[in-house]
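S.K.: In case you want the letters, here they are:
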Amino acid sequence: MKKTIVLSSITYALKAQELLKTNGIYANISRSKAVKSVRGCGYGLSIESLLFEKARDIIASADIPVIGSVDEK
Amino acid sequence: MIYFDNAATSMPKSRAVADAMASALKKCGNSGRGGHAFSLNSAETVFCCRKRLAKLFNTRPENVILTAGATESLNIAIKGTNRIGGVTVVSSMEHNSVMRPINALRRNGETVMRQFLVDINSDALTLENFSAVSSSATSVVVTHASNICGRILPVQQLRELSEDAVFILDAAQTAGHIPIDIVELGVDIICIPAHKGFCGPFGVGALIVNPYSDIIIDPLLEGGTGTNSKTLEMPELLPERLEAGTANICGIAGFSAALSEFEYPENESSLFAYLLEKMRSCVDITLHGAPRGDDVSQYVPVLLFNKKGYDSEQLCSLLCERGFALRAGFHCAPNAHLTLGTYETGGVRISLGRNNTKKEIDRFISVLKGIK
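Just so you know, the protein sequences line up as chains G and H, in that order. What the first sequence shows, in our numbering, is residues 1 to 73, in sequence order. What the second sequence shows, in our numbering, is residues 74 to 445, in sequence order.
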């Protein structure tokens, strides 16, 4: 099971991806239907559900704006 | 041909820059527009360029807006922060890339422009002149260093005297020549080209925003950003707010490659001091706006001169025929020429780069003296 954290742009998605990687969390850039459902076109980071909360906290602590999160089917 | 026109653009560009541009043309899709490998490869190239610039200027990657050059950056900064009824203060050394956008605002009744005289020999007098016109300033736009004589302005002190204004710095002639820390300087925006001090390609530049600044910059262009497609408004967040349309990926890849091999030049100041000494030995040469003594610390390596009995364009042509690339005339900076007393004559500009040598300067001086 995976979850997607939706970011405001590709810039923030790449920044967040890099930040997570330095914290040992590997996330794939996603442009899935789930991302689209949040606010039209956009980018997200696909993360194992177990790591979701930790990842979200890391991203928030770096002041990277998160638009939302969705479960992947 | 010996190249002494680095204030116009640096020469030569490196192989790495050319290779990166060619590779981007083959391998990069449209950045921020898709989830496939070509688009993500492109997005990573762009983000890498932002990160390298952010590190150099001490800001965040998202505060680096990639543009078509310093002129576009300045237009976005000047017009995007202008509020009707404001007062814009400029120095007397500005390039037309600053003067023309402000004049367009002034013509439309959107700002009032005030100018302060730069005293080439005294920062104290420059600051005094600034204080006399800056009390109600809502924007201050100044060049970091003159494109005709290389004089560096006392930016940090100017900023301290205008804390409430939006402060925009034109760093076209200093970026890549001297370290610039946007937080230390305290300015809101720095505008730079890729193709001068950083030895990158043409058609790319950046608008760099101070991470502690709370200014709102309105876009100059509206269009697609690859995000928030269902709204007709541009995104609120940087950098996409100011980057409508497809980016110049090849240029950005070249810029990023230039930054990856970039180091601040170590010998420019000593070479400039050497040039200055040699030029002073020419009896029929007049220098304009040059350092008075041997201290060149307040200058980037740009020198303006004229030769007795010669028009500047004529002299420049003669030097070109003898194998030297310089630039004559008014250098898109009429007010700066007015400040230096060369408004009627123009001048010949010699501008050094990281590849110039003492031997080249010796040859130049010998040829210059030989023109009778």
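Hints are computed from structural coordinates only; laboratory data are not their basis. Here the structure is a predicted model, which means the values were calculated and not measured. Accuracy of the hints is not assured; some may be wrong.
As the list claims (entries may be wrong) - Calculated cross-link-like contacts (lysine-lysine; reagent style BS3-like; alpha-carbon spacing at most 27 Å):
hint, chain 1, residue 1, chain 2, residue 2
1, H, K445, H, K381
2, H, K380, H, K431
3, H, K124, H, K100
4, H, K432, H, K445
5, H, K86, H, K128
6, G, K21, H, K100
7, H, K431, H, K445
8, H, K99, H, K86
9, G, K36, H, K303
10, H, K124, G, K54
11, H, K381, G, K21
12, H, K431, H, K381
13, H, K381, H, K432
14, G, K21, H, K128
15, G, K54, G, K21
16, H, K100, G, K36
17, G, K36, G, K54
18, H, K431, H, K86
S.K.: State for each hint whether it applies.
M.R.: Do the hints match the structure? See the list:
1. About 10 Å separates the Cα atoms of K445 (chain H) and K381 (chain H), which keeps this hinted pair within 27 Å; it holds.
2. Between K380 (chain H) and K431 (chain H), the direct Cα distance comes to roughly 21 Å. Compliance with the 27 Å bound is thereby established for this hinted pair.
3. With a C-alpha separation of about 21 Å, the suggested pairing of K124 (chain H) with K100 (chain H) holds against the 27 Å cut-off.
4. A threshold of 27 Å between alpha carbons decides the hint, and for K432 (chain H) with K445 (chain H) the separation of about 22 Å falls inside it, so the pair holds.
5. At most 27 Å may separate the alpha-carbon atoms for a hinted pair to count; K86 (chain H) and K128 (chain H) meet this at roughly 22 Å.
6. Proximity of K21 (chain G) to K100 (chain H) is assessed by CA-CA distance (about 25 Å); at most 27 Å being required, the pair is judged to hold.
7. In summary, the hint linking K431 (chain H) to K445 (chain H) is supported, as the alpha carbons are separated by about 23 Å, within the 27 Å threshold.
8. A threshold of 27 Å between alpha carbons decides the hint, and for K99 (chain H) with K86 (chain H) the separation of about 20 Å falls inside it, so the pair holds.
9. For the suggested pair K36 (chain G) and K303 (chain H), the alpha carbons sit about 10 Å apart, so the restraint of at most 27 Å is met.
10. Of the pairs offered as hints, the one joining K124 (chain H) and K54 (chain G) holds, with about 25 Å between alpha carbons and a cut-off of 27 Å not exceeded.
11. Our distance criterion of 27 Å between C-alpha atoms is broken by K381 (chain H) and K21 (chain G), whose separation comes to about 65 Å.
12. For the given pair, K431 (chain H) sits about 25 Å from K381 (chain H) by alpha-carbon distance, which is consistent with the 27 Å threshold.
13. Pair hint K381 (chain H) plus K432 (chain H) holds up; C-alpha atoms about 25 Å apart against a cutoff of 27 Å.
14. For the given pair, K21 (chain G) sits about 19 Å from K128 (chain H) by alpha-carbon distance, which is consistent with the 27 Å threshold.
15. Distance hint between K54 (chain G) and K21 (chain G) is fulfilled; the C-alpha atoms sit about 12 Å from each other, no more than 27 Å.
16. For the hint linking K100 (chain H) to K36 (chain G), the alpha-carbon distance of about 26 Å falls within 27 Å, and the restraint holds.
17. Straight-line distance between C-alpha atoms of K36 (chain G) and K54 (chain G) comes to about 23 Å, which keeps the hinted pair within the 27 Å bound.
18. A threshold of 27 Å between alpha carbons decides the hint, and for K431 (chain H) with K86 (chain H) the separation of about 21 Å falls inside it, so the pair holds.
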